[in-house]
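Trainee: One letter stands for each residue in the lines below.
4 protein chains.
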Amino acid sequence: MKEYFPNTGKIEYSGDRFKKGPCFRQYNAGQTVGGKTMEEHLKFSMAFWHTMGYGGSDPFGADTMVRPWQNGSSPMKIAEEKVYAAFEIMQKLGIRYFCFHDRDIAPEGNTLAETNKNLDSIVKIIKKMMSDTGIRLLWGTANLFTNPRFMHGAATSCNADVFAYAAAQVKKAMEVTTELGGAGYVFWGGREGYETLLNTDMQLELDNMAFFLQMAADYAKEIGFEGQLLIEPKPKEPTKHQYDFDVASALAFLKSYGLERDFKFNIESNHATLAGHTFQHDLRFARINEMLGSVDANQGDMLLGWDTDQFPTDIYSTTFCMLEILEMGGFKKGGLNFDAKVRRASYRPDDIFYAHIAGMDSFAKGLKAAWKIMEDGVLKDFISKKYESYSRGIGKKISGKETDFKSLEKYALGPGTIDNPSGRQEYLESILNEYIFTAE
Amino acid sequence: MKEYFPNTGKIEYSGDRFKKGPCFRQYNAGQTVGGKTMEEHLKFSMAFWHTMGYGGSDPFGADTMVRPWQNGSSPMKIAEEKVYAAFEIMQKLGIRYFCFHDRDIAPEGNTLAETNKNLDSIVKIIKKMMSDTGIRLLWGTANLFTNPRFMHGAATSCNADVFAYAAAQVKKAMEVTTELGGAGYVFWGGREGYETLLNTDMQLELDNMAFFLQMAADYAKEIGFEGQLLIEPKPKEPTKHQYDFDVASALAFLKSYGLERDFKFNIESNHATLAGHTFQHDLRFARINEMLGSVDANQGDMLLGWDTDQFPTDIYSTTFCMLEILEMGGFKKGGLNFDAKVRRASYRPDDIFYAHIAGMDSFAKGLKAAWKIMEDGVLKDFISKKYESYSRGIGKKISGKETDFKSLEKYALGPGTIDNPSGRQEYLESILNEYIFTAE
Amino acid sequence: MKEYFPNTGKIEYSGDRFKKGPCFRQYNAGQTVGGKTMEEHLKFSMAFWHTMGYGGSDPFGADTMVRPWQNGSSPMKIAEEKVYAAFEIMQKLGIRYFCFHDRDIAPEGNTLAETNKNLDSIVKIIKKMMSDTGIRLLWGTANLFTNPRFMHGAATSCNADVFAYAAAQVKKAMEVTTELGGAGYVFWGGREGYETLLNTDMQLELDNMAFFLQMAADYAKEIGFEGQLLIEPKPKEPTKHQYDFDVASALAFLKSYGLERDFKFNIESNHATLAGHTFQHDLRFARINEMLGSVDANQGDMLLGWDTDQFPTDIYSTTFCMLEILEMGGFKKGGLNFDAKVRRASYRPDDIFYAHIAGMDSFAKGLKAAWKIMEDGVLKDFISKKYESYSRGIGKKISGKETDFKSLEKYALGPGTIDNPSGRQEYLESILNEYIFTAE
Amino acid sequence: MKEYFPNTGKIEYSGDRFKKGPCFRQYNAGQTVGGKTMEEHLKFSMAFWHTMGYGGSDPFGADTMVRPWQNGSSPMKIAEEKVYAAFEIMQKLGIRYFCFHDRDIAPEGNTLAETNKNLDSIVKIIKKMMSDTGIRLLWGTANLFTNPRFMHGAATSCNADVFAYAAAQVKKAMEVTTELGGAGYVFWGGREGYETLLNTDMQLELDNMAFFLQMAADYAKEIGFEGQLLIEPKPKEPTKHQYDFDVASALAFLKSYGLERDFKFNIESNHATLAGHTFQHDLRFARINEMLGSVDANQGDMLLGWDTDQFPTDIYSTTFCMLEILEMGGFKKGGLNFDAKVRRASYRPDDIFYAHIAGMDSFAKGLKAAWKIMEDGVLKDFISKKYESYSRGIGKKISGKETDFKSLEKYALGPGTIDNPSGRQEYLESILNEYIFTAE
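Protein chains in written order, with this note's numbering: chain S, 242 to 681; chain F, 242 to 681; chain D, 242 to 681; chain Y, 242 to 681.
Every clue listed holds true.
For identical chains, the list gives no copy identity; a pair is met inside one copy or between any two copies.
DSS-like mimics (lysine-lysine), calculated; alpha carbons at most 25 Å apart, straight line:
id, residue 1, residue 2
1, K365, K647
2, K413, K651
3, K613, K626
4, K365, K243
5, K574, K413
6, K642, K627
7, K627, K481
8, K573, K368
9, K638, K462
10, K642, K413
11, K626, K260
12, K621, K642
13, K574, K277
14, K481, K626
15, K651, K365
16, K651, K358
17, K573, K613
18, K413, K318
19, K647, K413
20, K368, K251
21, K621, K261
Worth flagging that the hints you see were computed from the coordinates, not collected in a lab. Everything numeric in this text was worked out from a predicted model, so none of it was measured.
Extracted from the complex, chain S is given alone in its bound form (with noise of 0.2 Å):
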């Protein structure tokens, strides 16, 4: 097996902060951060579309990047070097989980048979590699967007033909995802939604795609899939207008079919904030919600309209998603994948290795003040002081379901007076960056 970056050891942790040179300067895998390793807290994934897939085109420029592992003589040989590649970079990185599409993973045949044939001939081989190294599947996926098949979309696709193909496709994908011990499974619907109302039946679109998740719920039973599904929400890109907008909508979408006990979230900063909220604001409202199930680890540009899947280096994003993560108990079947690229003039092979320890750092840094300040309990309490009316009183009825408007009417015709708590906004934004600036 070639080894492609022989020239980059495995990286490791750094005390130094300004050494020279790909090291972890935030992220030391063994460090305990209460009670759990960091590596068991931030199960960091490599996306196999970005990292070993992309090559640099824009909507206006062609590719800048040429990886080692695509000079081979075949598509299936390329497909087989591009596994080997994948290995190596997460063996040295210290990534313990992967993502794919199964057309990330192998090419396109033919025919739908010739298709999925190359399809299991990698799939062996991906799982040799699983157990050869011990990293493991955090999910897989299929791709249902980039042939022009899908023009229409796939389970919302006006051409009935393209429905069946994508369920096939699905299918099989969801075959390979449990083969592989996959901890889930998600459906980006990045074609289902609309371009214009002009030419678009909504309501059939609706019911089609909830008919589709639900045979693909079945599925998973009937194959005994043990992971999660998970629904990625996006606004927009590439189509007009898509279905599972955020969180919301798409939880609004599967309350209406019945579907909600079946899927939870596979959350994007970069999703989150084109459709106008914050990534905490998904994170949080799925949380509470009890359909928080993953997180696509990137950051956007805030003063660009499209997804950029940045590599994730604001402080304040991992350290709010690292709170709501905390928050929930840690991951059950979910991690934190890197659907980042590297920026297009980032194209020699070793920015890899640099923007994945750029995002890992930040997550690090992120951990360790999110830990800090649950402990402390300095937002929390906080919290609690300002919503303790609740916990006493007329409040306490409120909490408790046990008064109605009459009752109400009563209290507030009443002598008391209102007396309000200050937000103290700039105070705790203040005290956040004193926690991220010392959190070790």
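Position chains F, D and Y relative to chain S; hints supplied.
Mentor: Okay, now just chains F, D and Y, sitting in the frame of chain S:
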């Protein structure tokens, strides 16, 4: 009773499109469109707060408008004159409905009891005017956002005393709305949301909001209110993040708490666009979920990030709106409320007439275009053909939910090739233009 | 010469607005509007890259469109057939101009010398076709963004070799444009900007960009190019921040380097809106600075944050555009270039015709409305009256710059009271609608 | 003189990062950073309008804050007490500068003459307090946006009487600023722009605005004002489109009218982001054009479309700002003005202290990080290496402007191959984080 606009008579329809002065150029109340008069189709409503109350202030400027009805000797006298002026304006414009917040029509007193008394006095006057003119109440609502006591929200305040006060206020507003025979009652949660999650207990706030709405629904039944309860979504402003972000978010909320049968939506154009949707999207989504109750007919500025509440003059927007309403079979208990204010520099009293005329004409034209589009079936036929694969073969089985992943895979592995229809967006946009230009 | 659309004849004007199939419903080339024919007013141009080259790909999907002219036996043969197909399309649509990038019309070779040779061969063919058909070149340009060598920019690259390469490429493209008698030459700096200031020397990049443009202007004179040099501003995409953000930014740049006499602007609707302006704003600002050279006639989606390059069908946008062009006295060396692509799902060859028809009809209607508005003087009269205070008394002194702060203070301390006119925005929007609806 | 905050002493630096109560955790006035004290680097200024005048209102809500200094017996008495309270706040916070609008410090009278008299009285008191405390005026300005007379603009009003009034007001404000030894005078044109082009003469408005600024510059010289004249750009709000959209737009304007030598820019973070730029972009662009005069230190919410004027707590933003200021060699006549208001729900008087502390600490940390980055040369070295090709060979000729298109083509046709450096964005972001975390 003083006449406030002695120089303005009843606004009439003019056959001459370029006639100077205030007149209708498209809206002809008695003209029949598809078997109903324009007046029956277009249940226009005047918004008391904007038309009677807006003085032209903005975050950087003081009021520009001096309204003649504001010269009264006391707050209550002013409130009374405002009613007379309102009915004069509605009568002259031929507007048959109005909407109000409790605090628009009567001033707050020193205590809630006194405030309620003020409200009762003015309601009596309004009732008399309604009876005299035949003008009706589209919906009432309570203002739970202006007073500083609502700084942290009303039903979602961290302060139980505020929750109680809000309940008392809504109770009274519902009674008053019932008294006036309102066709609806609206909940717009302008402060129901949060500024920062650093100081927010989202779970408690959502639970409280649900309990509040439950009590409201119960009380509506108790007092025999026959109108429709309506939620009005808005994503943000004044609050950084509002829980009723858009129709889908609010629907998820209602379903989570089992409230979806008691409420429908009041959809505002400018709120939909602030949420990242087209107006038509939110109308359509509500309609197919049988949740479209009423409409706030205004428009925003797509380059500005706040609610501009402009009078609706974009012909595409009014045409799409009327398409959804016609598809629904027209309003049951809803209408087209001009939640719109004249621009700050359109500060002369007669701009009130010009602005309402602009909105009414734009909706009249939109109605005529939408009706013709429906009658000709031009979009329906196109869509029907585009989706025809679901009416036969495998498509029919999908529609009927009589298949599964295994059968679909078998089909997809078969010999068929996939042939997609064209979306033809440009052609449809072009045809839409002709319907708009030619509809009479 | 093969006919690529044997079933489509010359597109004709139809008096019947609802005639099926491809025909003009508003654009009647020979119809006179204000003494000039529509064809003279509306110098439509076909964009080679979109119409001939766009295959339907987007960041998440592969090409959907198979164009018949792409079946050639070699890249050069395909390039030749593409020219024939382009002229067939233009002739059938009655489009009299076209625009191209160097790389649209001829493939890159292994060396720059070979690439230039390829270009020369195709230019010869184009020249022949132009001569045969009377179709003319609106403008040419060089593609300095697709090839990976431009990853850090072209004139603003950190790499001097890239700067040199870009200079050589522009030199050749200018020669070719001159050879074909182009009325203009465009600079769109898609990669002239930065991704992050962390790695950027903005000062050096701006200095280099200015020197590059200076050399271009010098070279244009040297070779006797008689067309107009044009800058095309765009705020972002693909680059995070482009130096030619909008007309004002580019004007500041030109003035800082003394280049403002050598360039005018090519203004694109979708670029203006991405910069936070209306299309009309950038047109107006350029016009009153005598910098409005040409127009890229398309439209964006106001809810999407990227360049959608849609065919222009919004009647407000085309009317406002034509108003500015008419006010300028029509184009000198500019035109209306359809920098627009069919939607990815409008993938059938005949959608090319439907889309251009949609754009041409929308501009034809916009021209008719704009002309009538100008002829009636409806806006001009309103504005003239609104600003009339500058034609007398203190206002006249201000206009004539014959006063100073001291005199103005003396006036302001005087007895006069301030009486503002109403802005009347709603009324004007309403009147605008009627002009649009009725213009024939 | 009444003490308004008897329970709050001088705010001190605390070595303990988690000490409760109001204290500095990063800002240590006397600590030396690169040879200057923090106090010398960070010329903090209090904004009179926000800190002393903002009552908590927003477009949907009334004031929440009752300030003790507002209990005076007359408007003039209140204005006087406000001055005392302001100086107490500044002294306790250790803030050495302040800024004001004319109307912030003294109430309008019935006539301009009376208003000017009010202003003179308060200015006398302020002058005394400045002398007693050593606190200085960063800049003064005139409020040309609140009063309804400015509904159509001030210098760009359609009404010459308003233009004259504005001139008189600015004249007086400049005199007062001179009297108080202000280091600057600011022009923020909140109403200098338009709502709709349907009723706007953009050419006349721009000409008038230029004449107004010309007169202001002349008058400044006439009265011996030694401070810097500053333009403060903002893209929109309250006006739909403001002429001083961003630094580049305002620079184009100044250059078009030959005013660029008389003005520099006062750059506000929240205004830059509303214009689609990062704060750092506008700072950098102004700096390299030698137009960076002063800074309004606040922050916006990237998900909200309006000016939130929050206290600056984002450490990235403050670090980038300090980097530009340090690169410039520090402020000459500028400073860091907290154009920031406490959140509406941070309504308690002590939130004023917490908020300013949050801002001061964030800038202190940013200063320390920026200084270390500069001292280590980490970014400078990276950039220098990235652009090194311009220091030799063909690159050197380009830098020296000693080449032309022909020579460059010859070079490009040569045998060389192009080898680009990596942009390394992820690595640089990661390193930036470490500088922020560790700077002391």
